[in-house]
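Chemist: Given chain A, work out where chain B should sit, using these hints.
Protein chains: 2
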Amino acid sequence: MSTAATRTTGPDHLWTVDEHLEDILATVRPLEPIELQLLDAQGCVLVEDITVPVSLPPFDNSSMDGYAVRVTDVAGASEEYPAVLTVIGDVAAGQAEPLHVGPGQAARIMTGAPLPPGAEAVVPVEWTDGGLGEGPVTGMRARSQAPEAAGGHVHVYRSAEARAHVRAKGSDVKAGDRALDAGTILGPPQIALLAAIGRGTVRVRPRPRVVVMSTGSELVQPDEQLGPGQIYDSNSFALTAAARDAGAIAYRVGAVADDADTLRSTIEDQLVRADLLVTTGGVSVGAYDVVKEALSSVGDEDEEGAGIDFRRLAMQPGKPQGFGSIGPDHIPLLALPGNPVSSYVSFELFARPAIRTLMGLDDVHRRRTRATLTTDKALTSPKGRRQFLRGTYADGDVTPVGGAGSHLVAALALADALIVVPEDVESVEPGTEVEVVLLG
Amino acid sequence: MSTAATRTTGPDHLWTVDEHLEDILATVRPLEPIELQLLDAQGCVLVEDITVPVSLPPFDNSSMDGYAVRVTDVAGASEEYPAVLTVIGDVAAGQAEPLHVGPGQAARIMTGAPLPPGAEAVVPVEWTDGGLGEGPVTGMRARSQAPEAAGGHVHVYRSAEARAHVRAKGSDVKAGDRALDAGTILGPPQIALLAAIGRGTVRVRPRPRVVVMSTGSELVQPDEQLGPGQIYDSNSFALTAAARDAGAIAYRVGAVADDADTLRSTIEDQLVRADLLVTTGGVSVGAYDVVKEALSSVGDEDEEGAGIDFRRLAMQPGKPQGFGSIGPDHIPLLALPGNPVSSYVSFELFARPAIRTLMGLDDVHRRRTRATLTTDKALTSPKGRRQFLRGTYADGDVTPVGGAGSHLVAALALADALIVVPEDVESVEPGTEVEVVLLG
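So the sequences go chain by chain: A and B.
Residue numbers for the first sequence, in UniProt numbering: 1 to 440.
Residue numbers for the second sequence, in UniProt numbering: 1 to 440.
Chain A extracted, bound-state conformation (with noise of 0.2 Å):
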């Protein structure tokens, strides 16, 4: 794979989107496992392959609530000749008391309890008169009502097969069978299966805990007065949230002020928190572009693989961008540009794929697809970049909406889809398939 190093680098050098990602996801490393508490662990990525230890069910047991019995006993049974069997007691769910039924005998029997010795079969209780002696009986009666029915005698309609309405233990899964394999996603039916075989701990992937913070002395947090010359600062939330949809911890930072030792210090303070960190602003050419400046001596400089390297990128919005690791941990880094616009499709395609990546999984990329682009007039885009232009896309169609500015936060809200147009293509005229990258 190439990296940083075996390019052809310069000031002017502009790198592919492809180049800046390939790098990126050739330095992000998946996070150690860590034993997790069940519900703590839905959504990560299990590392171990689970071996059932006790076969499920783990006794035969009955499927419905009604009279264990034994097969002969309730052979050639009809509602005009029942059979009648002295019924022994109750078996409920839980209850370990032993009960064995011998001939002529029948034991209540609850749902999910388990068939008692002596036992064949279990006849469902609307099969039977319920022990009330009136006919067929739509359910039992509540044993807090009416302990009594736990004993006297069971008119049973209907004959019954050996094993009927009996799961059998081990029907489900059985000892030693693999349940999930590593690399499962844990969602609620695997966290089912998981809970089930006796699994309160499992070894996953944890989330990624994800520090953002934006940069900028003109920003002003929502809410407060804006003075002259000041904007609100929207990075730290939207990407606070975006971190957050992709799988991650997310912490938000408030926006720091472009001056070097401030954002170092707090850059070090919160090293400790991340596994990954996410700036925006402070990247590119300007002269109060503190980003580039604080992080060139954060960590030790000596150390390999620590240090973060700013580039140009041929791409529309989203041009400068910094990507690296810093501290004694080597913990990654992405810098973002300032724009509201570029910081967020910066994220999409540089930091989403990091924090998946982070989380173990094998899809780190949001869905793509092919659609026709829908619009009064062309669409233009400058030579030599490829441009993400932001769309709504329904039905196979993509329709832009807002302009190619990167400041067009109001449009972006509205948009579900990025139109990629690619380097070497100028222009772009309606009803030509353009590929989309499927936001949600």
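Take the hints with a grain of salt, since some may be wrong.
[Unchecked claim] Heads up, simulated DSS-like pairs for lysine-lysine below, C-alpha to C-alpha not over 27 Å straight-line:
no. : chain 1 : residue 1 : chain 2 : residue 2
1   : B       : Lys174    : A       : Lys169
2   : B       : Lys319    : B       : Lys292
3   : A       : Lys377    : A       : Lys292
4   : B       : Lys377    : A       : Lys174
5   : A       : Lys377    : B       : Lys319
6   : A       : Lys169    : B       : Lys169
7   : A       : Lys319    : A       : Lys292
8   : A       : Lys377    : A       : Lys319
9   : B       : Lys169    : A       : Lys319
10  : B       : Lys319    : B       : Lys383
11  : A       : Lys377    : B       : Lys169
12  : B       : Lys377    : B       : Lys319
Since the hints were derived computationally from the structure, they do not count as laboratory data.
Note that this is a predicted model, so its numbers are computed, not measured.
Modeler: Below, chain B without anything else, positioned relative to chain A:
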């Protein structure tokens, strides 16, 4: 709309899946809106139309790092005949100092900084010598490294039209414009827009708090030792995970033993933190099905709208179901059957739409599609019941996994779809087109 009260019922009456769902959705109402911090509102439905209070950008500003100039001063400028301008200082983003660009003057300006009075356009730093007198540069030197660059002279090598590289005030959104409509679901881009226009809090329907409890004296917590006749509690784990997956804040209550008093007091304790209660087990016809017994006397039964209705549905799995509302606040409650697969399928069909209705979402159901049944032998289904078989869906084909048994939680963990076999169909041949519910 037909409701429970208008239909003919009796102990033998079988309700359809659609009737039951209709009754649930006719009872559950979207939660009252509350004001939430922006990031706490992620995934929630907005209940107010949001109007832009301040134009974005709030002032004319530079889209590049460069020099703010007067158009006539750079007219005809070229590399051979550069315009030489006096640099009167820096305009950085967030800097409020007044600076006026007069004839023959330029202000060094950073991306996002306000266009200073007098200036009409911005020339990117790459079109200048950056004040160094050595030809075109690729960027500015950091302010902290070279403070003198905020003065001196700059050579400009290209002309600029009026408003070049200037983002006009209000070009993104204008004060008074509609930013977002009530009903919008707040994802990262919508949160970006809200923050950008200064909204730190927003009025939304909150995520419902869903309390999940399983019932059954046979249930043991995972990681504990199974005794005779005992099984592990999986429902409370699976449905807690499924409730979160649907968008809820879910609380898992440990398994409750089959004792009506215990169950009743547990439910009463949980009412304070529940917008929806989901129980599993204890809803069938057995003598130990205490959920029915317990729920008949929770809250004030004289109060209108209180009480739980227990029904049998024309459905497999999931025949016994309970639904209603309890307590003085009429908290909705779904009493699902206890078999793991029955409870999971019931959750998907009834509890998930209830949760999403509480959230105020329009789209409350799982996505459905048609698929070709791919299997070796015909599926069989009981007459008069709508069957939901577990399957895997890919590219228009669906393949059943496991059998029809409601205890096959191992097969459930492999499924990503439910195959729907209608009430009047008893056999489905391979190759038949079937309806499929996509899980996730």
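Chemist: State for each hint whether it applies.
Modeler: Hint check results:
1. Taken as a hint, the Lys174 (chain B) and Lys169 (chain A) pair is broken in the structure, with Cα atoms around 69 Å apart against an allowance of 27 Å.
2. Restraint check for Lys319 (chain B) and Lys292 (chain B): the C-alpha separation of about 15 Å stays at or below 27 Å, so the hint holds.
3. About 40 Å separates the Cα atoms of Lys377 (chain A) and Lys292 (chain A), which puts this hinted pair outside 27 Å; it is violated.
4. Annotation: proposed proximity of Lys377 (chain B) to Lys174 (chain A) holds, straight-line Cα distance about 25 Å (limit 27 Å).
5. Only pairs whose Cα atoms come within 27 Å are accepted, and Lys377 (chain A) paired with Lys319 (chain B) is rejected, the gap being roughly 57 Å.
6. The straight-line distance between the Cα atoms of Lys169 (chain A) and Lys169 (chain B) is roughly 73 Å, outside the 27 Å bound, and the hint therefore fails.
7. Simply put, Lys319 (chain A) and Lys292 (chain A) have alpha-carbon atoms about 15 Å apart, close enough for the 27 Å limit, and the pair holds.
8. Pair hint Lys377 (chain A) plus Lys319 (chain A) holds up; C-alpha atoms about 26 Å apart against a cutoff of 27 Å.
9. Restraint check for Lys169 (chain B) and Lys319 (chain A): the C-alpha separation of about 23 Å stays at or below 27 Å, so the hint holds.
10. Among the hinted pairs, Lys319 (chain B) with Lys383 (chain B) is consistent with the structure: their alpha-carbon atoms are about 14 Å apart, no more than 27 Å.
11. The hinted pair formed by Lys377 (chain A) and Lys169 (chain B) meets the criterion: a straight-line CA distance of about 26 Å does not exceed 27 Å.
12. For a cut-off of 27 Å, the pair hint linking Lys377 (chain B) to Lys319 (chain B) stands: about 26 Å separates their Cα positions.
Checked against the numbered hints given earlier, this structure breaks hints 1, 3, 5, 6; the rest are met.
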